[in-house]
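Undergrad: Sequence:
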Amino acid sequence: MFGKNISIDTAAIGTIALIFILDAVDGYVARRTHTTSLFGAVFDIAADRIIENVFWIYFAVNDIIHFWMPIVVLTRGFTTDAIRSFAISNDNTPFEMMTRRWTRALTSSRISRFISGASKMCAFCAMAVLHMLQSYELFPQHLETIQTGTHILAITAVVICLLRGVPVLMEGI
9 MFGKNISIDT AAIGTIALIF ILDAVDGYVA RRTHTTSLFG AVFDIAADRI IENVFWIYFA
69 VNDIIHFWMP IVVLTRGFTT DAIRSFAISN DNTPFEMMTR RWTRALTSSR ISRFISGASK
129 MCAFCAMAVL HMLQSYELFP QHLETIQTGT HILAITAVVI CLLRGVPVLM EGI
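Note that the numbering used here has the sequence shown beginning at 9, numbered continuously upward.
Keep in mind the hints are simulated off the structure, nothing from the lab.
This one's a predicted model, so the numbers in the text were calculated from it and none came from an experiment.
Nothing false has been slipped in among the hints.
Simulated restraints on C-beta separations:
no.: 1; residue 1: Met178; residue 2: Ile119; range: 13 to 21 Å
no.: 2; residue 1: Leu46; residue 2: His150; range: 42 to 50 Å
no.: 3; residue 1: Ser143; residue 2: Arg118; range: 31 to 39 Å
no.: 4; residue 1: Val174; residue 2: Phe75; range: 17 to 25 Å
no.: 5; residue 1: Ser97; residue 2: Gly22; range: 36 to 44 Å
All C-beta atoms in this analysis are idealised placements derived from N, C-alpha and C, irrespective of residue type, glycine included.
I would like the entire structure built from these sequences, with the hints used as guidance.
TA: Laid out in structure tokens, this is it:
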């Protein structure tokens with residue numbers, strides 16, 4: 009639907025932000041009310057992966073970002089999820105497998121989760137805005153600057169994704 013109607017595109021950009029905000033609220037409420045579960049943790053990660061991978065692939069296919077970005081993110085996701093499956097087989101949530109203080113801080117602390125989610129939300133919203141501007145040929149005089157900013161946000165999100173994957177690999181070893 010993207011690129012067909014500016015009103016729908018604008019609503020889609022708001023929806024992208026809303027998806028990430030509601031995901032954060034869901035996690036916060038589950039932890040706050042002590043209603044977390046192994047199923048909830050696994051389901052949340054799977055839902056996040058599906059949504060994020062669709063965004064990464066969509067924007068790469070539409071030449072908004074370089075194709076190496078979804079390849080890196082998908083590879084990191086498959087690798088960390090495979091390692092986490094061992095934790096699940098021992099009835100641990102993916103975050104409970106983290107035994108070292110620094111690995112827990114990088115993967116499951118509130119600040120780490122916030123930075124990760126915020127970086128992806130900003131990157132995906134920026135990608136959507138750039139796609140919309142290109143589709144409707146809006147603000148052509150600012151397009152190069154917006155494209156550079158979008159690429160910086162996307163690269164930042166990829167780097168944060170990789171950094172948060174390192175502790176899973178370390179604990180998996």
